[in-house]
Amino acid sequence: MLLTLALLAQTLTPDPEGVKAGRTCAVAVTAARGSEAPGMPEVAALLYYVAQSVKAEGGNPSFLTRVNEVTGELRNEPVQTQATAQANLAECDRRYPLARKAVRVTLPAKPFDRDLMCFAALGVMMGASQGKEEDTGDSSDLKRYKPAFDVYTARLSGDALEKAGLTGETALIDALGKQILTSLDLGNFDSISQSCIAQAGN
Numbered sequence: 026m027l028l029t030l031a032l033l034a035q036t037l038t039p040d041p042e043g044v045k046a047g048r049t050c051a052v053a054v055t056a057a058r059g060s061e062a063p064g065m066p067e068v069a070a071l072l073y074y075v076a077q078s079v080k081a082e083g084g085n086p087s088f089l090t091r092v093n094e095v096t097g098e099l100r101n102e103p104v105q106t107q108a109t110a111q112a113n114l115a116e117c118d119r120r121y122p123l124a125r126k127a128v129r130v131t132l133p134a135k136p137f138d139r140d141l142m143c144f145a146a147l148g149v150m151m152g153a154s155q156g157k158e159e160d161t162g163d164s165s166d167l168k169r170y171k172p173a174f175d176v177y178t179a180r181l182s183g184d185a186l187e188k189a190g191l192t193g194e195t196a197l198i199d200a201l202g203k204q205i206l207t208s209l210d211l212g213n214f215d216s217i218s219q220s221c222i223a224q225a226g227n
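Residue numbering for the sequence shown follows the numbering used here, starting at 26 and increasing by one per position.
No lab work stands behind these hints, which were simulated from the structure alone.
Where a beta carbon is used, it is the ideal one built from N, C-alpha and C, also for glycine.
There may be inaccurate statements among the hints.
Okay, derived cross-link-like pairs now, DSS-like style, lysine-lysine, Cα gap no bigger than 30 Å in a straight line [stated by the list, open to error]: (1) K135 with K188; (2) K171 with K135; (3) K168 with K126; (4) K188 with K171; (5) K171 with K157.
Per label pair, the in silico range of CB-to-CB distance [to be verified]: (6) D40 with Q111: 19 to 27 Å; (7) G193 with A62: 31 to 39 Å; (8) R119 with G59: 16 to 24 Å; (9) K188 with K126: 17 to 25 Å.
All chains, please: the whole structure from these sequences, using the hints.
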């Protein structure tokens, strides 16, 4: 599975229009709320758009690292009024139908691939919910994601990673990035996380 994902990453064709569209949608999904703070659904959509933008850049050896970089670069994107953002989201929904939709996700059949994808998706949402707690004091989302995140963290022990040939932090980050890349065809990070939470006890 990891080899397949690596080959996929190498054969992605750069799409400048897709790079721009992903960033435009990422800005729009929060700007459309005006002064209202974004909730986890909006954050999940924003990160999905960012990941799609990075995917459109072409094969990237460190997909997850680039997702983090682009998220930070959004502040440099053109400001959108609430009305403009809402209009842009109509096109975003057509281009990226899974970004703002809650869907039931079928996780990878192989346990290690499933655990890696869940660790990646839950890790993304954990980071977002930790930021929310720091900004607002609201820890409800963090408490929702953390128990399952801890389960998948424990499953990806040193032995499990070593058996998969993932020795070293760089190899793990790249593998997680490839799982995020393949997850884009399944749903946004919150949809994937909900399926992971449901299967955490299995």
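Hints, verified against the model:
no.	hint	result
1	K135 with K188	14 Å, holds
2	K171 with K135	23 Å, holds
3	K168 with K126	22 Å, holds
4	K188 with K171	26 Å, holds
5	K171 with K157	14 Å, holds
6	D40 with Q111: 19 to 27 Å	25 Å, holds
7	G193 with A62: 31 to 39 Å	38 Å, holds
8	R119 with G59: 16 to 24 Å	23 Å, holds
9	K188 with K126: 17 to 25 Å	36 Å, violated
Hint 9 alone, counting from the list given before, is not met by this structure.
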